[in-house]
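**Student:** Now for the letters of each chain:
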Amino acid sequence: MHANGVRALHAVSFGAVRGERIAIIGPSGAGKTTLLRILGASLRPSEGAVAVLDRNPWQLNASRLRRLRRRIGMIHQAPPIPPRQRVVTAVLAGRLGEWPWWKSALSLLYPVDIAGARAELARLELAERLFERSDRLSGGQLQRVGVARVLYQRPDLLLADEPVSAMDPALADLTVNRLHADASARGVTLIASLHAVDLALRWFPRVIGIKSGSIVFDRPPVKITDAMLQDLYASESGYLPTQDNRPLEVAPQALRRIAPPRVG
Amino acid sequence: MAALVLWPLLVLAEFRPGVLLDPANLRVMRDFLGAFFPPALQPDFIALLARATVETLAIATAGTAIAMLIAMPLAFVVSDALSVSRIGPGPGRVAGGAVRAAARLMTAGLRSIPEVVWALLLVRAFGLGPAAGVLAIGVTYGGMLGKVYAEILESGDTRPARSLLEAGSGRLAAFSYGLLPGAAQELASYTIYRWECGVRAAVVMGLVGAGGLGQLLDQSIKMLNGGEVATTLAVFLLLVFIADALSAALRKLLA
Amino acid sequence: MTAQAKGWLATVAAFAVVWASFRYLSIDPGQLFNAESGRQLADYASRFFPPETSAAYLREIGRGAVETLAVSALGTLLAMAAGLALALPASGRFGAISRLAVRLVLNFLRSVPELVWGALMVLAAGLGPFAGTLALALHTSGVLGRLFAEALENAPPEPARALSAAGSPSGLAFLYGTFPVVMPQLIAYSLYRWEMNVRMATVLGFVGAGGLGQMLYYELSLLREPQACTVIIAMLALVILIDAASAWARRRL
Numbered sequence: 001m002h003a004n005g006v007r008a009l010h011a012v013s014f015g016a017v018r019g020e021r022i023a024i025i026g027p028s029g030a031g032k033t034t035l036l037r038i039l040g041a042s043l044r045p046s047e048g049a050v051a052v053l054d055r056n057p058w059q060l061n062a063s064r065l066r067r068l069r070r071r072i073g074m075i076h077q078a079p080p081i082p083p084r085q086r087v088v089t090a091v092l093a094g095r096l097g098e099w100p101w102w103k104s105a106l107s108l109l110y111p112v113d114i115a116g117a118r119a120e121l122a123r124l125e126l127a128e129r130l131f132e133r134s135d136r137l138s139g140g141q142l143q144r145v146g147v148a149r150v151l152y153q154r155p156d157l158l159l160a161d162e163p164v165s166a167m168d169p170a171l172a173d174l175t176v177n178r179l180h181a182d183a184s185a186r187g188v189t190l191i192a193s194l195h196a197v198d199l200a201l202r203w204f205p206r207v208i209g210i211k212s213g214s215i216v217f218d219r220p221p222v223k224i225t226d227a228m229l230q231d232l233y234a235s236e237s238g239y240l241p242t243q244d245n246r247p248l249e250v251a252p253q254a255l256r257r258i259a260p261p262r263v264g
Numbered sequence: 265m266a267a268l269v270l271w272p273l274l275v276l277a278e279f280r281p282g283v284l285l286d287p288a289n290l291r292v293m294r295d296f297l298g299a300f301f302p303p304a305l306q307p308d309f310i311a312l313l314a315r316a317t318v319e320t321l322a323i324a325t326a327g328t329a330i331a332m333l334i335a336m337p338l339a340f341v342v343s344d345a346l347s348v349s350r351i352g353p354g355p356g357r358v359a360g361g362a363v364r365a366a367a368r369l370m371t372a373g374l375r376s377i378p379e380v381v382w383a384l385l386l387v388r389a390f391g392l393g394p395a396a397g398v399l400a401i402g403v404t405y406g407g408m409l410g411k412v413y414a415e416i417l418e419s420g421d422t423r424p425a426r427s428l429l430e431a432g433s434g435r436l437a438a439f440s441y442g443l444l445p446g447a448a449q450e451l452a453s454y455t456i457y458r459w460e461c462g463v464r465a466a467v468v469m470g471l472v473g474a475g476g477l478g479q480l481l482d483q484s485i486k487m488l489n490g491g492e493v494a495t496t497l498a499v500f501l502l503l504v505f506i507a508d509a510l511s512a513a514l515r516k517l518l519a
Numbered sequence: 520m521t522a523q524a525k526g527w528l529a530t531v532a533a534f535a536v537v538w539a540s541f542r543y544l545s546i547d548p549g550q551l552f553n554a555e556s557g558r559q560l561a562d563y564a565s566r567f568f569p570p571e572t573s574a575a576y577l578r579e580i581g582r583g584a585v586e587t588l589a590v591s592a593l594g595t596l597l598a599m600a601a602g603l604a605l606a607l608p609a610s611g612r613f614g615a616i617s618r619l620a621v622r623l624v625l626n627f628l629r630s631v632p633e634l635v636w637g638a639l640m641v642l643a644a645g646l647g648p649f650a651g652t653l654a655l656a657l658h659t660s661g662v663l664g665r666l667f668a669e670a671l672e673n674a675p676p677e678p679a680r681a682l683s684a685a686g687s688p689s690g691l692a693f694l695y696g697t698f699p700v701v702m703p704q705l706i707a708y709s710l711y712r713w714e715m716n717v718r719m720a721t722v723l724g725f726v727g728a729g730g731l732g733q734m735l736y737y738e739l740s741l742l743r744e745p746q747a748c749t750v751i752i753a754m755l756a757l758v759i760l761i762d763a764a765s766a767w768a769r770r771r772l
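Protein chains in written order, with this note's numbering: chain A, 1 to 264; chain B, 265 to 519; chain C, 520 to 772.
If you're looking for bench data, these hints aren't it; they were derived computationally from the structure. Among these hints, one or two may not hold up.
[Said to hold, decoys possible] Distance condition first, Cα-Cα at most 27 Å in a straight line; then the derived DSSO-like pairs of lysine-lysine:
| hint | chain 1 | residue 1 | chain 2 | residue 2 |
| --- | --- | --- | --- | --- |
| 1 | A | Lys-211 | A | Lys-223 |
| 2 | C | Lys-525 | A | Lys-103 |
| 3 | C | Lys-525 | B | Lys-516 |
| 4 | B | Lys-411 | B | Lys-516 |
Work the whole structure out from these sequences, hints included.
**Tutor:** And the structure:
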């Protein structure tokens, strides 16, 4: 997959194989969201070529493009869920792309697959909120609903734009674990942009650093040096953001030698 | 200078206040007004009035329903919030833009011709009676509702719908799951307001033959039956008052 | 009952009411929208084209349009005067009882639709544009009277009060103190109302009050559809012109 954008992204070029798990880190405004949107076929690059799931989305006709988009799941940082919608309906909306119209309509009246929604939410420790209204949830809970929706969608490509930014460290860990588990179990690609460096280093075998619209490095964590990290976040005075907002306690070197916990 | 403008106006409008004082006319008027009292209260006329009132309400309701049926697809097409081709931008955006513009033109066209004109034409086409009134309201209000629905849909938070479209869902699903929860109340509120206007419009259209209280009123006036006119007018004012109160109560209930 | 249950109840009730309405009117939507009536409509519509465009007829149309405009302008002017006169008691200057009484009159004037007034005025003053002018004047007096009264009630009382305190009679205090403040608003309301009255004036003709409306009714009754088509186009053109003119005027102000 290549992308080459003006202003937001410059000469970005990388590829990914099916089943890879990639984390994207970088300071705010670096272009992480733009990159993810291009990968998600919702933004058309003004220059360069894109191939997602072996297809160039911008050369497809409308119905093929729609089928391609169904196979891509995007988790947004701020979940786009209408405030008055109940959690169960929001989660089930993940499969709207594949359901026939009567099923979608029926689900509005009475959710057609409560068990399925509950299963996804249970893995994110949110099952008890199944019938609550979205505007009664906290930020972190709402983010988990957004994740549950995309997991329910069972896409062939999982994209996540800072999916755990509002969660406390334990929940964030749990959520990234869950994303991992799902991606491994189904053998699909997961690309996530993360604010917290420790999460990226701990969970992902390949980390891409982006700064000011260009890729600065693209390596497995063991090959990423402290100097590279400091340089990446130079604009934020070299402060490395972590999920629990405490400085990276364990020396980054030590962190990277820890194998990611077994998924299961 | 004002007088200079006023004079031709008076001439053009055949402004002859003297006519009002013409004895023959005055007599007609006085008889007519005099006949207002006593107002006609015979039981069979009252029964006729009651039926006509229900008919007027039915015309307004049926007409508004048809208007909604016309307005919803129009609003879908016109609304940028449900446009798939704008995401990216993707394939078909030129055609999409053209279709949107055409639909906008159509809504404007439907809105511009007053419903009474439609009623007059439809009475010629379909004959006297409520059908013409129902269609006239349906068509004109379809345009009005279409424009306002589209505005309501675009003014809310469009991200839920857009993210559903980006995940490959159809437009109807994106609307129902993404836009409807937030917009439902405003949509319903405006529709009820339009229904209330429809009750008044139904009576006015009856004057050109589209059924209901208006047609009764027209007949009574043509027969110079002041008593009937008085009662009918009174019933009409009452109806408008009730419709107003009902609409306000329903809209408050929705809030 | 939860909000969602209330929502579903409301939707079901709405469907029931709509279905009942169609049944009461004995209108079968299927019949209304099937191919047969579509063909009937298309047939009828085709009789309208091409519209009549002979020079003589266009001159008549021009006359009708001018008549319509005159009716609307005069009617609005009369309504402005009457509205202002009625707004004085309606804003409470002459006591609470007169305020209530006049407000009732204003309500009555504006609740009766213009077309009904038109039919009544045709009775009083005969067919023709005079009836239309009277009808518009009566209805619009009610509308403008209420708007003016509200504007007067919301106007700041200080200027007039200051003048009264300095010894001027209350009438002059009003003229020099309150009136200049509210006048721009009153003029704005009146212009807006005039715009709407042009539309109403075209329609008033249907009951015999002159102008383009009466022409349309006449042509349709004589089954002269091409001429009727020209009249409709003229009506639309007039409305579009007035809309554009007032938008331009508003931008200037």
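**Student:** Does each hint fit the structure? Answer for all of them.
**Tutor:** Hints and how they fare:
no. : hint                  : result
1   : A:Lys-211 x A:Lys-223 : holds, 18 Å
2   : C:Lys-525 x A:Lys-103 : holds, 23 Å
3   : C:Lys-525 x B:Lys-516 : holds, 13 Å
4   : B:Lys-411 x B:Lys-516 : holds, 23 Å
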